[in-house]
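Residue numbers (our numbering), protein chains in the order written: chain G, 1 to 944; chain U, 1 to 466.
In short, the hints are calculated from the structure, not lab data. Take the hints with a grain of salt, since some may be wrong.
With a Cα cut of at most 20 Å, we get these calculated PhoX-like pairs of lysine-lysine [as the list claims (entries may be wrong)]:
#1 G/LYS227 - G/LYS214
#2 G/LYS617 - G/LYS587
#3 G/LYS183 - U/LYS130
#4 G/LYS174 - U/LYS130
#5 G/LYS131 - U/LYS101
#6 G/LYS752 - G/LYS771
#7 G/LYS69 - G/LYS41
#8 G/LYS269 - G/LYS602
#9 G/LYS617 - G/LYS577
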Amino acid sequence: MFNSLCLQTDVTCIEIIDKHVFAGIGGFLHIYQLPNNNLIKRLKIFEGQKIYGIKPNLNLSKLIIFGGKHISLTSCPQGNFEEIEKSTHHILSDWILAVKWIENDNKIATVFMHNKLTIWNKDFLKEISVKCEERCILYSAHICYDSHKELLILSGTVFSEVLLWKPLNSHENKCSPVLKRLKEHNGVIFSIDYNPDNGLICATSDDRSAVLWKMTSTNPQDIQINKLCQVYEHLARIFRCLILKECFITVGEDSLIIVWDFNGSLLRKIETHQGGAVWSLGYNKNLDVICSGGNDGAITTFRVNPKVVKDYSSLPNREIPKIVGLLRAGNMICLSEKAVLYYHDVIWQEVARYPDLQKYCILQISPCKRLFALAGFDGQIYIYRENHLINKFFLQHKSRIFAFHWLDCNRFLVTQKDGILILYFIFNNTINFIQSFIFPSSKERWPTCACALNDHIILGDRKGNIYNFKIGHESPINTQKKSHSYLGVTYLYFENNLIISLGRDGFIKRYKLSNNNLECIDSNKTKFSWLVGLENNLLLSFSGDNFVVSDFKFQRILFETKCGGGHRSWDYVTNSKSIIFSFIKQKIIHTCQLNMEDFMPKDVIEGFHVREINALKVLKLSEDYHLVISGGEDTILRLSIAQFNRIKILETFKIHLSSIRAINYYKLNINKYLLITAGGRAQIICWQIEIQDEKISCIEKCNFYESVSQEEGETRIMHLCIANIHEQLYLFAGRSDGLIKIFSISTDMNLKLENSISHSNHCISNLALIKGGVNIDLLASMATDGNLKFWSISDICYNQSNEALNFFKIHQSGITSFSYILKDDRLITLTGGDDNCISLTLFGIHKQNSFISLAKINVDQNFAIHCAQITGAFLLNGYFITSSIDQRIVISKWLYKDNEVKFSMLEKYDTAIADPQGLEAILDKRSLYLYIFGNGIECVKVNI
Amino acid sequence: MGKTSKDKRDIYYRKAKEQGWRARSAFKLLQIDEKFNILNNVTRAVDLCAAPGSWSQVLSRKLYLNEEINIKEPMHLFYTDAIKEALEEKPPTTPTSPPKKNESVKIVAVDLQPMSPLPGVIQIQGDITKYSTAQEIITHFEGEKSDLVICDGAPDVTGLHCMDIYIQAQLLLGALHITCNVLKTGGTFVAKIFRGKDSDLLTNQLLTLFQEVHVAKPKSSRNSSIEAFVVCQGYNPPQGFDPKLITPYLDVSNKDFSTLEGINKVIIPFIVCGDVSAYDSDTTYPLQLEGEAPYVYRAPVQPPIAPPYSFKQDPTKSDIDNFLKKIDEAAKRVGLGLGADVKDLNETVRKLSISDVNLPSSSNNVKGAAQFDLPEDFCKDDTKTKQMFDNGPYFDLITKVDKVQKPEKDNETEASVNLRTMDFKLMPDFEFLYKEDGTDPEMIQTLLQHFSMGNIVNYTTCFCPE
Ligand SMILES: C[S@@+](CC[C@H](N)C(=O)[O-])C[C@H]1O[C@@H](n2cnc3c(N)ncnc32)[C@H](O)[C@@H]1O
C-alpha cells in the first residue's frame, strides 16, 4: 500500500566499495557510481530503522547491512551491484555497534552496546557470545584483525575510556578482562578507528578532541600503546574518524571535516553539510576521495589534500611594494613606495617611474584584467595594457582623482571633487568625453564600485547606497538607500540582465531595471562578512586576517589564507579552473594559486534542510511533478521540484531572521501564486511565485515584522491561513502568545494589520479555514490548551465581533494537526494532539440568519494508534492518514452513519524521518502522495 | 537579546529562578505530584540522576523540611476569581516558627556529577547503569525499603533519535533494576522516557511490575520535546521475581505493538498534568506579567558544582582561543578592526552568550549550567543557542555598531597641497582632456553600438584586441 518514492534525510553510513558509494539513508541502501554520481540502485533494507553500517566481504559477493538491532545479509551476484538483493533479516537482542567479516569471510563478528561480542557462522547462526568484564553502555566499538584468535575489541564507553579486550581468553560464563584502558578523553567516546597497516588507533569524543595512539605490541600480556597527539579544532562534538595511510580525518557536529597529519597538525579544514552534523565518512584509496554524509541529507566527495601553489617575491632594489595587481594571465603589476611601476611575468621588471604618483595613486584594473590605470592627485591618468603605456592625459580639472572605475575595457568613470563624475569612452585609441554626472552629496562623495548595464551606470558608495545613473541624465534616476548598511558596497556586477551587489555587511542583493528604475528583487545574507567577489559560485571574502574562498550555494569555506585582512593591498584573478590571489604582507608579495576543481567538494546528493523542517507545502504542477516549498529551523526557505523519485533544489532564500514555522499560499491565477512564510521574531514575508512552463521564479514582495519592546516576549508565528473575502485577501497569523492577527493583503502584496483576536493565553498550534456547505465561512483556531475554537470570518475581518462562535475542548494538550470534511450542515474534523490522541469529531452547524453556532454531536478517539505527539492529519472520504513523532504513518478507515463517527486503523508505515513535524498530501487520481517532513523529507505514494 | 532572552523564551526558566529552584525541572515533579500525589506519605525516597538537584530540592523541602509548596501561588496570569478569593482569605503565611523537620525522612540522591548539598539528602556519586552503584544505593535501604524512586536521567544525546531513544531506555532499565531492589511493595516509580519510535512497547512492559502505569506530560515540559514521564504506582512484582532478570521483562525486540495480545495490549493512558491555571511552556509571555512585582533579571539559582566534563568546567586554552577568536571575528566582521569600540563589543558578545550563567562567585562552567537549566530541550537548545550566536547577536551587533560608528574623517582635504608633486611644464607630451571638447554625436552613436554588443565583462570575450 505504501511505496516510498524518495527520501532525503540523515546519511548515517557511507562505504566506498569499488568506485561506488554505498550510502545508508533511512532504511534504504543507495548505491552511486563514481565519479559521475549516478544512482544505480536503491533498495529497501529496513522499514523505519536507519542503516548504521555496510560491510562487504572480500570478493564483494555479500554485504552485511545493520542498524539498531537489525542486521541483514544481502547478496550481490558476480559483484554486480545493480542486482544486489536482500537475502536474510535478523533482529538481535541489543543495539549493534560494530560488525566484521572474519575467518576469510566464513564468520561474522558483532559487538553490542552492552559490551558484548557474538560470533556467527555464514548462515547467521550464533557460535559464541562473550562479555567484557566491564559491564557498561558503549557508544562506539571497533573490531580489529580478521581471525577469531587474534580479535581485539576497542570499546568506547560513556565515561571517557577506550577499553581493549580480547574474547579469546574467556570461557563460556566468564567475562573477558579489560587488557588496557585508554584514558585521554573527557566525555563519551563517539567513534574509534584502527588502521592495521600503521598500527594507529584514533578515538573521538564529546570533549571535542580526537586522540591518536600508536600500538606497538599487541601481546595480550603486554599491550604497548603510546599517545601520539590529541587534536582540538572542532567547535563541537566529534562523531567519526578515519585513519588513512598518511593522515587522519575527523568530522563532527560542527559540520567540519578536518584532515590531520600524524603529528596533529591541521592539513585541511572543510566545511560541509551547511552547519549540520556530519554522521558518516568513507574513503577510497584509488580515487583519493573522501566521502561524507550529513544531517542535511547530502553526500559530498572531496580530495584529501589538494595542492596550493604558494609563492613569495620581493621587488628588485629593495623597493617596498605598495599596491599590487593581477592581470589576466596571472602576470602581476606592482607600484612601489617610490612610485616605480613593476611588471612580473617571470621576474619583476621595472616599467616606469612616476615621481608624481609617489604620494597619492589609485590603481584600477579593468574587469577583463588586461588594462589598468594609474590615477593621481593632479588629475593625471596613465593607462596601460599589460606593460605598455597606451595613454596618458590630464583631466581638465587638474585636481585630485578620488576614484577611478572601469565599466568595461572601453569605458571608465573618474570622480573628482564635489562629486563630479565623468564618463569616458575609448575608441580608436583615443579617449572621448561622453558626459558628466553629479554624485549625490555625502561625507565621502565618491563611488566605491561601479558597473554598467546598457546605458545605465550603477554605483555604490561607502554608506551602502546604490545609485542608478543613466546616460543623458546628470543625476541618478533612482537610489537604493542603505542597501548594504553603513558598511558600504564593495562590488557590483551584472549577470543575466540583473545587477548584483555585494557588501561588507555580508549581503548579496539582486536588482533588475524596470522602466529604467532599479528595483531590488532579493537579498541574501551570507554567513561571511566582508564580501569582495562572486564568480561562478565562488564567493570571495575577508574574515578577520583571512582571505576566504567559499562556495556560494552552500556557503562552505573551501580555502582560507592569512593575508592580514582586506585593508591591505590585494588582488585576485580567476579563470575557469583556478584562482590566483596575491597580497602584500611584510614588504613581500605573496601569491597563492589553487585549482578550484580540486578544492570544490562535489555533491553526490545535494544538501537539503539542516535540522527540522517545520513547514512544507506542495504545489501540484502536473501529474508526478510537484513544487515543494519548505522552511525550518535552519531559517532557509527552499523551493524544490519533486519528480522521478528525486528532489531537486531550485532556489534557496536566507531572509528569515529566525526559524520558519509556517508556510501557506494562495493561487492568484493559473501561473501566479502568493506565498507567505512566517516564523520566529514574528516575521512574515510575502513572495510572488510565477510559473512559466519549466521556469519558476520567486520574488520577495514584503517583509513584515514588528520591533519588540524590552518587556515583550519573543513571539513566534505558528500558523498561517489566507482567505479571499469578497475579492479581498486576508491573512490570519496565529502566534505563540495566543493572538491571531488579521491582515489585509494589498494587490502589491503588502500587509496591513486589520484586527487582532485572542484564542486564549496559550500558544496557537493550528489555524484552518472552513469553507463551503451552506455558505459557511469559518476560521478554526487551535492551541496548546487543547481547545478548538470557531470564528465567523466576516465578523473578525470586519471587526464586527472579536468573540468566538463556539469552542470545544478536544484534546488534553496542544492540537497539532487538523483536517476536515464539510457535508451540508455537518462538519467532521480530524484532529491530532500532543496527547497521542486521534479524534474524529462530528459537529452540527446551525445557521439562523447570519448567526452561526456549532454543536458537538459525536466523537471517536484513539490513543493507541500512535504513542507520541501527532503531527499530521489528512482526512478524505472513507479514509484518513495520520503521522506522529513515533515515526508511524497510519492509514485508518472511517465511517459516518446515523449521526455517529467511527474509525479503525488499517495499515501503517514506519518512516525513517526522525521528528516528523507534519504531513502534506496531494491527491492524484487513485494515488495519494504523502510528503512527510521533519528531520528530512520522504515522499510516499499510497494506493487506495 | 542579552541575558533576559532566555527569560523571554521560557516562562518556567524564569519562574524557577524567581522561586529559588535549581532547575526548571522542579515544576515537572511538582506538577506530576499535583496530579498523582506521589509524595503523600513518603518518608524514604531515591532520586536517581539528580544533579543539579531541583527534584531533590522538592523532596527535601516537602518531605524533610515539611514545607508547603504552593506552585500556584506566584502565578497571577490566569487567576480565576475563585482562586484569588481563596488566596485572599488565607491569613498571610508568615509562619510563627518554621515547620518541624521530619528527621525520619531519608532521601538518597544519585548522579554522575556531584551537586551542592541539600538538607536531609544523602548524596552518592555514580553511574546508575553500573552494578556497583546499584549495590551502594541498596545498602542504604537495608531493612526498610523505599516508598518512592524517581529518575529524571537523560543521556548525552547524539541527535540521532533512534539511538538516543534506545540509550534512554537503557537508562530506564538501570533505574528499574535499582528500583526492584529498593522499592517496597506498593511503592511508586517515576521516570523520564522519550516518546518516540516504539516507546509504547517499553511502557507497556511496566505493567508486569506495577498495578497502575501512566505516561504523564507536565505542562512545564515543552510540547515540542519528546520527553514524558512514566508514573508507575503500586509496585507488585510477579511471584518469584528476580530483579537481576529484569532485562527479559523489558525485551522489546522483534515485537510490534499492533501484534501484541491480551494484557500486553493494554494501552497506557496518557495524562497531561498541570491544571488550567498553569503556564504553558510553549507560549510566549511578556516579561512583565500582570499583577506581579516588577520584573528583575535573576541569575540562576544553583549551577551544578562540577560539570559533566572538565573541559567545560575548566576551559582549555583552545576553548578560550576559540571563544576569543569568535569575539574577534564578530568585531572584525562589523568592520571595526581596532579602537575602543572593540572592548565594548567584546563585552556585548560576552554578555550575549554567557552572562546568564556567569556567577561571580563560583567557578562554574558555561555550558554545563545552561544545559541543566533546560534539560528537556536536549536536542534543540544547543543548536538553538548556537544559531542565536550565529544569527541573532551578529545581526544585532551590526545594528548596534551602526550607532557607535562615527564617520571616518576625510583626512585628505584639498588643503593638503603638499601632495601636489606634478610639475606640469615638465610634461609636454601629456594630452589634456577637456570636457568642453564636447560630446561628439558620432561618439555617442558608437557608444550605443557598443551597448548593443552586450555588456561583456568577463575575460573570455572583451573589447580588447587580442
Ligand atoms: C535532566 S538532569 C536531571 C535534573 C534533575 N532532576 C533536577 O531536577 O535538577 C539529568 C541528569 O542525569 C544524569 N545522568 C545521566 N546518565 C546517568 C547515569 N548513567 N548515571 C547517573 N546519572 C546520570 C546527568 O548527569 C544529569 O545530571
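Quiz prompt | Hints breached by this structure | solution = 2, 5, 6, 7, 9
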